[in-house]
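Residue numbers (our numbering), protein chains in the order written: chain C, 1 to 262; chain U, 263 to 566; chain A, 567 to 925.
Worth flagging that the hints you see were computed from the coordinates, not collected in a lab. Virtual Cβ for every residue (Gly too), placed ideally from N, Cα, C. Be careful, since some hints might not be right.
What the hints assert, rightly or not - Restraint ranges, calculated between C-beta atoms of paired labels, are given here:
id : chain 1 : residue 1 : chain 2 : residue 2 : range
1  : U       : V541      : C       : W169      : 34 to 42 Å
2  : A       : A706      : U       : A406      : 19 to 27 Å
3  : A       : P889      : U       : A293      : 52 to 60 Å
4  : C       : D56       : U       : A406      : 49 to 57 Å
5  : U       : A406      : A       : P775      : 26 to 34 Å
6  : U       : A293      : A       : D846      : 46 to 54 Å
7  : U       : T369      : C       : V245      : 38 to 46 Å
8  : U       : V541      : C       : P178      : 37 to 45 Å
9  : C       : G126      : A       : P775      : 20 to 28 Å
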Amino acid sequence: MRKRRITLAKVAAAFGYAFLYLPLVIVVVYSFNDSRLNAEWVGFTLNWYRTLFADDDMLVAARNSLVIGLCASAVSTVLGTMAGFAMHRWKTRVLPILVLTPIAIPEILVGVSLLIFFVLLNFTLGLVSVAIAHIAFCIGFVAIVVRARMAGMDESLTEAARDCGATPWQAFRYVTLPLIMPGVIAGALMAFTLSIDDFVITFFTAGAGTVTLPLQIYSMIKIAVTPEVNAVSTLLMLLTLLLIVIASRLSPSLLRSQESTP
Amino acid sequence: MATGAREAAQVRGKWLVSGPPILYLLVFFAAPTLIMAAASLRTPGEFGGLAPLVDEAGKLDLNFDSFARFFTEPVYLEVFVKSVIFATATTVLCLLIAYPLASVIATSPKRVRSLLLLLVILPFWSNFLIRIYAWMIILGPNAALARGVNGMLAWFGAGPVPLLFSSFAVLVCLVYVHLPFMVLPLYANLEKHDPALLDAAQDLGAHAWQRFWRITFPLSLPGVYAGAALVFIPALGIFAIPDLLGGPNDTLIGNLIKQQFLETRDWPFGSVLSIVLTVAALALAGLAAWFGQRATRARALVDA
Amino acid sequence: MNRIAKLAACVLAAVALAPAAPALAADQLHLYNWNNYIAPETIKRFEAQCKCEVVQTYYSDNEELLAKIAAGAKGYDVMVPTSNAVEALIRGKQLMPLDKSKLPNLKNIDKRYLDTSFDPGNTYSVPYAMSTTIIGYNDAKMKELGLPTDTWAVIFDPKYLAKVKGRVTVLDSANELFAAALKYLGYSANDVDPKHWDEAAAAIKKAKPYWAAFNASSYIKELTVGNIWLVHGYSNDIFQANLDAEAAKRPFHILQGMPKEGAVLAVDNMVLQKGAPRPDLGLAFMNFMLEGQNSSELTNLIGSGNPNTAALPFIKPEIRANPAIFPTPEVAAKLEQLKDLTAAQRRLRNRLWTEIKAR
């Protein structure tokens, strides 16, 4: 019985993975396409990778995107976890609205309003202004996931810890956090994904010399998005994957949730 | 004695934890957004931006003209309804595809779990534009998929349908782009389900579908709602996908809002459309959450 | 936790240091330009000459530029907006007047493009490059179907469109499409009579069912591959599409069709932003780009029109002979630059445009 149910779900999941990866296979394969356009397969070439490594602008943009992505996801994960925890624990009224609205408001409005705000404060635009903007809309995603994870969580463990004399921080750090870790990780992954691919808000909050990868790529949209973009995307994906694998090797408990064993 | 101190500590704790996010969002989100929301009451600048707050006569130039426009020209409401339909369809399809994925990942052996999860999100670290271009290749009129579909249709005597530059293409890409935001919350929730519950149910004679529908699904509802919110709300405001591969009729509210800020340079009206969109999105999300809570509570009462 | 913190710090440091960012030059010119709108050799030569660094950031749409400047963005020296955007920027008081004494090469520009109605005496802007919005087509398919390629009717008239249903795209720009429709109906592209606008909207709605999409971004790709056979697009893009089609050895060419009713001419201009950090470098750059050979390099690269008479000897002969890039005087007389609209007119146009697109 049980085997059959898992099999049906597994088949569906396999289709799901296929759906996710079909375009990606095309992206990677076309990075070797001997044609300026991302439209049809013409021939095999490594040229685009060579072009990429000679293209300082693109590399700097990729580096900026990675740095902003890591920072934004780190800060928004921390703030988002706090928000999600608070929303679940104390059922505040203002926080859910404050956290959900950045997700609901059209990006172009957020971008323009942040630009006006920064100009009003005479804040120099640059990488920092972009990071600040990214953090603002990522917090909501992390908070929602963390709260969903905490829903229905067994509070008795935390209370037991408190009864044993743990401070609230210790109870959180050693009991609650490991239990919600999959939610926190899921939120961090989403935040990173949102940050490295954001265009509209970044366009408005970037300074005069600041380029991120989406800005660089979208500016090519009316001419030709060459396979160089496929190449940089492929490499960025591999690099990020590598970073995460390294991080998980160095801290094995990070990506797995703790068992709630006594 | 200790309770008073403990309560005070509780309140302090509450502000310590919810304080930083609230402060950050108030400064870097609420304040700027309110500035622009206030723009909905202003007059558009002659050459873009906003007209001066105090006009030549020295009066404060605030009015509801832009709001009036939204409510008196029905075409905007039509586009809005179309966006809601697209977003709902996207959410439902995402749920159907994401649930098996999240469930399989959550029940897989611990050592592969993180890898499987990373594999879900890995494609989304490539650039959005080239992923969409990849879909344009897949859905192109000369590609295998289109030829297969149109071949089948020809068999039935129906004319060829374009897969690219159509609502179908828009929907496929909407689902694709939002899938991880449904998978991740669902996974985070499903991961903590105790397999012992399902074992017990099986021992009591429940078959697969019953086990899923009466145990797993209700327990996963918070994850479902989280995922639905994180898909529906952004999908409502999207504009890039219709721009790139939509048909001539596929204009969504996100496109209209972008137009107001760019081509028409009518920021007040853009602000009005944004406010309506945001309020509607939050209201629908709140409504869904409320229904969800009622349903869970009702079920608890029934099952008890 | 500590190990994670250390790891994170290492990763961030490594990422931050490589690839090595260009050494911080004291002299930087901030150029806000369209992507691929200046030849790399030209930039390098200018950098060598002025001993400075050119920092380019990009936009892909005039309106994006206008929105960002209107919201208060600063820090740019030279920007390259199209004429109607220049008009909006001048009226919005966002440009710095040019010191003509530093622009001796201005005399190279063809008089037809100087002293325009929106910038009399070229106080704020100098012409840079041009393009026209015309028809692009797959020559094999058009011959096979027997369709004309020198009139807007092939985009708007159902009797022609019926043969190419689903294989035509038009630009996703209210200004451009309305201009084309007005030209098709025999009016000026800058006509602001609401009755004429209604007629244009009706013509567009009649043709819409035959169009595959309103697309300003991916249509060139589809044209080059052969999925789309006829487009309403920019001359530079269509020129490039032909180069790509040839490079991919396709059995057809992508040609430019100049409609006999006339078309929109877009002149892109170099301007200085008010409050630019280095106006001296900006003016030096402008003078450099007004020099014949430097100006010609862009034309040779992307097939853009060139208002610079001193550049003509340096331009490749086949480009020089292309009537869509260097139109004859009769055709040039029918080309119009778009004027900026008032707020009320923009609102009306947006309502018409929304109705066209939503229904």
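Hint check results:
Here the CB-CB span from V541 of chain U to W169 of chain C is close to 38 Å, well matched to the stated 34 to 42 Å. In this structure the supplied range 19 to 27 Å holds for A706 of chain A paired with A406 of chain U, their Cβ-Cβ distance being about 24 Å. A hinted range of 52 to 60 Å for the beta carbons of P889 of chain A and A293 of chain U is consistent with their spacing of about 56 Å. The beta-carbon spacing between D56 of chain C and A406 of chain U, approximately 39 Å, falls outside the hinted interval of 49 to 57 Å.
The beta-carbon spacing between A406 of chain U and P775 of chain A, approximately 28 Å, falls within the hinted interval of 26 to 34 Å. The hinted window of 46 to 54 Å between A293 of chain U and D846 of chain A is violated, with their beta carbons roughly 38 Å apart. In this structure the hint that T369 of chain U and V245 of chain C lie 38 to 46 Å apart at CB is violated, the actual value being about 23 Å. Between V541 of chain U and P178 of chain C the Cβ separation comes to about 39 Å, which falls inside the hinted range of 37 to 45 Å.
As the Cβ distance of G126 of chain C to P775 of chain A is approximately 48 Å, the hint placing it in 20 to 28 Å is violated.
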